[in-house]
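Q: Turn these sequences into a full structure, and let the hints steer you where they fit.
Just so you know, the protein sequences line up as chains E and R, in that order. At position 105 of the first sequence the residue is numbered 105 (the working numbering), and the sequence of numbers has no breaks. The working numbering runs 115 ahead of the 1-based position in the second sequence.
Worth flagging that the hints you see were computed from the coordinates, not collected in a lab. Be aware that a few hints might be false.
[To be verified] In the SDA-like style, the derived pairs of lysine to any residue whose C-alpha atoms are separated by at most 25 Å in a straight line are:
1. E:Lys78 / E:Ser113
2. R:Lys216 / E:Gly72
3. R:Lys186 / E:Gly100
4. E:Lys17 / E:Ile114
5. R:Lys216 / E:Thr7
6. E:Lys11 / R:Asp154
7. R:Lys216 / E:Val74
8. R:Lys186 / E:Gln41
9. E:Lys78 / R:Gly156
10. R:Lys216 / E:Asp108
11. R:Lys172 / E:Leu96
12. R:Lys216 / E:Val68
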Amino acid sequence: GAGVSQTPSNKVTEKGKYVELRCDPISGHTALYWYRQSLGQGPEFLIYFQGTGAADDSGLPNDRFFAVRPEGSVSTLKIQRTERGDSAVYLCASSLTGTGNQPQHFGDGTRLSIL
Amino acid sequence: KNQVEQSPQSLIILEGKNCTLQCNYTVSPFSNLRWYKQDTGRGPVSLTIMTFSENTKSNGRYTATLDADTKQSSLHITASQLSDSASYICVVTPFSGGYNKLIFGAGTRLAVHP
Numbered sequence: 001g002a003g004v005s006q007t008p009s010n011k012v013t014e015k016g017k018y019v020e021l022r023c024d025p026i027s028g029h030t031a032l033y034w035y036r037q038s039l040g041q042g043p044e045f046l047i048y049f050q051g052t053g054a055a056d057d058s059g060l061p062n063d064r065f066f067a068v069r070p071e072g073s074v075s076t077l078k079i080q081r082t083e084r085g086d087s088a089v090y091l092c093a094s095s096l097t098g099t100g101n102q103p104q105h106f107g108d109g110t111r112l113s114i115l
Numbered sequence: 116k117n118q119v120e121q122s123p124q125s126l127i128i129l130e131g132k133n134c135t136l137q138c139n140y141t142v143s144p145f146s147n148l149r150w151y152k153q154d155t156g157r158g159p160v161s162l163t164i165m166t167f168s169e170n171t172k173s174n175g176r177y178t179a180t181l182d183a184d185t186k187q188s189s190l191h192i193t194a195s196q197l198s199d200s201a202s203y204i205c206v207v208t209p210f211s212g213g214y215n216k217l218i219f220g221a222g223t224r225l226a227v228h229p
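A: In structure tokens form, the structure reads like this:
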């Protein structure tokens with residue numbers, strides 16, 4: 001597709017469950033970012049991939065959160081032992097490279113609700 | 116204290132009117148300042164990107180200004196339309212010599228009424 005695609009668009013699960021959120025970036029974009037957005041707030045950085053490697057994972061809140069991008073394209077954000085505080089919209093963005101004055105193109109996010 | 120502060124938090128205007136949204140930041144030095152538009156339930160969409168040396172950048176009815184001395188930016192919307200109803204987010208990229216690690220403001224929620 002032409003834009004960044006995220007699936008599922010909505011995910012409702014029970015506390016303690018494991019979830020996977022998927023991001024398909026724009027073809028050819030080497031840089032991929034994950035953000036978390038709480039209601040009424042701007043997105044907060046989680047992790048940045050350059051190619052297959054996580055170049056900066058300093059925004060991951062704890063070791064329950066993990067993300068991969070094994071082939072340098074699709075990325076999966078994984079959350080173990082989910083907690084109610086994990087409820088938020090998880091946004092993915094990609095850009096051609098990670099530097100310069102390039103826009104980051106965002107997907108529409110996955111709205112995660114932990115019951 | 117947030118590194119990127121936006122005001123007002125929310126704003127209601129009538130269709131056809133102009134408005135100006137404000138952004139104050141403390142990030143220094145910085146590489147660029149961006150404005151994004153985010154419709155409800157959608158991801159942010161880039162409106163403008165200005166480097167630290169630019170003073171103004173336009174995109175249709177949207178005009179962003181930047182004063183790096185006072186660390187202020189504004190987004191001016193001309194002849195507003197109902198479709199302008201959205202959150203507008205100011206974003207600053209710190210200068211790190213590395214990648215673009217964006218710092219987002221909380222946004223201004225704009226409602227345009229007929």
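Q: A separate judgement is required for each hint: does it hold in the structure or not?
A: Here is what the structure says about each hint:
1. A threshold of 25 Å between alpha carbons decides the hint, and for Lys78 of chain E with Ser113 of chain E the separation of about 14 Å falls inside it, so the pair holds.
2. Distance restraint check for Lys216 of chain R and Gly72 of chain E: the Cα-Cα separation of roughly 19 Å lies within the 25 Å cut-off, and the hinted pair is therefore satisfied.
3. Pair hint Lys186 of chain R plus Gly100 of chain E holds up; C-alpha atoms about 20 Å apart against a cutoff of 25 Å.
4. The straight-line distance between the Cα atoms of Lys17 of chain E and Ile114 of chain E is roughly 9 Å, inside the 25 Å bound, and the hint therefore holds.
5. The hinted pair formed by Lys216 of chain R and Thr7 of chain E meets the criterion: a straight-line CA distance of about 24 Å does not exceed 25 Å.
6. Our distance criterion of 25 Å between C-alpha atoms is met by Lys11 of chain E and Asp154 of chain R, whose separation comes to about 20 Å.
7. Taking the CA atoms of Lys216 of chain R and Val74 of chain E, the gap is about 20 Å. The hint holds against a cut of 25 Å.
8. Taking the CA atoms of Lys186 of chain R and Gln41 of chain E, the gap is near 21 Å; set against the 25 Å cutoff, the hint holds.
9. Taking the CA atoms of Lys78 of chain E and Gly156 of chain R, the gap is about 22 Å. The hint holds against a cut of 25 Å.
10. Between Lys216 of chain R and Asp108 of chain E the CA atoms are separated by roughly 20 Å; this keeps the pair inside 25 Å, and the hint holds.
11. Between Lys172 of chain R and Leu96 of chain E the alpha-carbon distance is near 22 Å, which keeps this suggested pair within the 25 Å criterion.
12. Of the supplied pair hints, the one linking Lys216 of chain R and Val68 of chain E holds, its CA atoms being roughly 19 Å apart against a limit of 25 Å.
Against the hints set out earlier in the document, no violation occurs for any number.
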